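Colleague: Protein chains in written order, with this note's numbering: chain R, 67 to 238; chain F, 57 to 506; chain D, 362 to 461.
Keep in mind that the hints are not guaranteed to be accurate.
Here are some of the chain F residues that sit facing chain R, going by a computed Cβ distance under 10 Å [said to hold, decoys possible]:
#, residue
1, D141
2, L147
3, G197
4, G224
Among chain F residues calculated to face chain R with C-beta under 7 Å, some are [as the list claims (entries may be wrong)]:
#, residue
5, W198
6, N201
7, L237
Keep in mind the hints are simulated off the structure, nothing from the lab. Note that the structure is a prediction, hence the values are computed from the model and not measured. Glycine included, C-beta positions come from ideal geometry on N, C-alpha and C.
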Amino acid sequence: MLDKVIFYFFAAIAVGSALLMITRKSAVHSAIFLTTTLLATAGIFLQLRAEFLFIVQIILYVGGIMVLFIFVIMLVNLDVAAQQIQYSRQKWVALVLSLALAGQVGAMIWRAGKLPGQGMLVRGVAAAESLPPNAEAVAQSLFGPYMLSFEIASLLLLVAMIGAVVMAKKKV
Amino acid sequence: MMNHLYELLKIVLASPYTLPVIYGIVIVAVLPLVAGYVVLVERKVMADMQARLGPMRVGPHGLLQPIADAIKLLLKEDIIPEKADVWIFWLAPLISVTAGMLALAPVGIGPAFQIAKDIDVGILFIAGISSLGIFGIVLGGWASNSHYSLMGALRSAAQLVSYETAAGMALVSGLLLGGSLQIRALVEEQAKQGVWFVALAPIAFFIYLVASIAETNRAPFDLPEAESELVAGYMTEYSGFRWSLYFLAEYANMMVVGSVATTIFLGGWLRPFSSVGGAAGRAIDTVPGALLLGVAAYCLYRAPKQPVTVQKLVMVAVAGLCAVVAAALLAPVFVAQALWMMPAIHGAFWFLLKVGGYIYLFMWLRFTLPRYRFDQLMRLGWYFLIPVSIVNVMGIGIALVLHWERGMNLALALGLTTLMTLAVAAVLVRAELKREEQLRQAASGDAYAG
Amino acid sequence: MLPVSHYLILSLALFIIGVVGVLTRRNVIVILMSIELILNAVNINLVVFSRLYGDAAGQAFAVFIITDAAAEAAVGLGIIIAFFRNRETVLADEMDLLKW
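With the rest of the complex left out, here is chain R (with noise of 0.2 Å):
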């Protein structure tokens, strides 16, 4: 029952933020819409058990990331943007298709809940009980078998940090 309470509340969060955050003329405000979201997907996340991710959620996506664009749109003056046309000339044709394929992967998802014995959605779920702590089941994958994906994504930050820097000085 509380799962459930839980559940909806975040999930409405989520959404109803998502939605107010593309559209938004003001930049800072859209920021603000998506850290909510992002928030509230943290939430669904410590409600599925995940506590490790729920954490590194918060403070890389929402301390880091979203800090970052914040930075960003404050140095970016966008006073003359917010006085535009928001959207683009093609928004009628992307709306039809994104509903397009909302409506096909919600019906393969309404479909194979119904589906007896089919499709990977009618397995059994793994008591919260039973998990293991769950820092140390993710902190066990990451070293153990991903060790390789660990050391690639190192990797990539640091030329992301090389890049980024690059970019963003006044004079090469």
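Fit chains F and D to the given chain R structure using the hints.
Modeller: Using the frame of chain R, we list chains F and D on its own:
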């Protein structure tokens, strides 16, 4: 009717959510008052270090000063700058204060007082929620629609983000020794090893001390918000209640970093020499009660010498309060029936004492050291603290592997690590001094320099 | 844990909103933010299935996606700053230096 209420009460009391909710409400209600009195303590400590008396007028010995300040701030005119973004102007202090208070949730004041018990990622939770506070600062500076505020906010946010990395690495050093992210497990690990982690990883403690001073925007790192620089930075346009929210957020943050440092490095709620049992252990256990009895005795001794009757009465009342708390602290030691209270009350006392000592250190540094210029601040963070903290983490990792795999003595391995990190720090400091010498020579050789 | 389809529909909703944001808005910064939203929707999907099977690999994958998103946001915003310094605009329609 009464039966229904009784049933409801039984359900509420049995629910596992009741006690955390009560603690949460107590913290949210009590924190502003506590923060106000921490401000009073700061002013008194500042006065003591400057050979004067501090606030003495409002209430006996200035004890009602925070109340007067709170009333003044609540009654001040609420100014909103023209063309400021009203929603974000209203939201920014809320974010700061919410992040500050929320970060206190997993903090274990004692083994019994923890709102978010056994959260799997305790320390990381506190670090993450503290990073949410950056939002309050940046949005506050932007929403004020003022150049000074924006510059101050950007500087403050840059400072916070830079020192967050160093603080996180320093915490990781402590976490490597502790072996878990859970708060309770860290303190129990320190109890098991019999030594506080500050003795095993002193450099990590020092780095965390410096980084946490920068994290809370305290002097000597308070350039973004000092009154003589940038007209108080991101707080410039905030007046009255909104300003008090920012202020409250800053002191809540101070308590949070104090709690984290105490939990990881200073042994949390353990008493000094917690592994020593028997007669010596009981002697140490009487120290809290004896300390407070001493304070009560001193208050009683000074009471007749007060000039005004109200002050006399207040001194006697304070003495009585200290005596009552001392009795509560001494009871579990001497009375066997009260032994169950021991971990909770003594743990809370030692924890609060250590956090108080850490915050006193903050205040001491504030009134002793001059302020860092912003570029010096960023150099210190990126060119000194982060490399030293990375080397420290690597060193402690190697030391732990040597201890576990090769059976080397832990103290020896960590001692070698400390020496290596000190050597790296010395190299960096020497390079910095040489650079400054070169800059000074270049400046003095320039005929047109001021 | 609720039935998986609930979470999948939430993830789908966020994904579609992100796609609409990318395709419809002119402001490049909002487009970048919508991309972050899409990555988040995928993260929810991964974590749900990781919980379903009790395998932490899904969450490890989600950590990699968050790392990637950080790197991409940093470089993307660097590009935006560089472009803004040159052309004074952040609207996608007006970034047409490569058109013939």
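Colleague: Which of the stated hints cannot be reconciled with the structure, identified by number in ascending sequence?
Modeller: Number 6 - this is the single hint that the structure violates.
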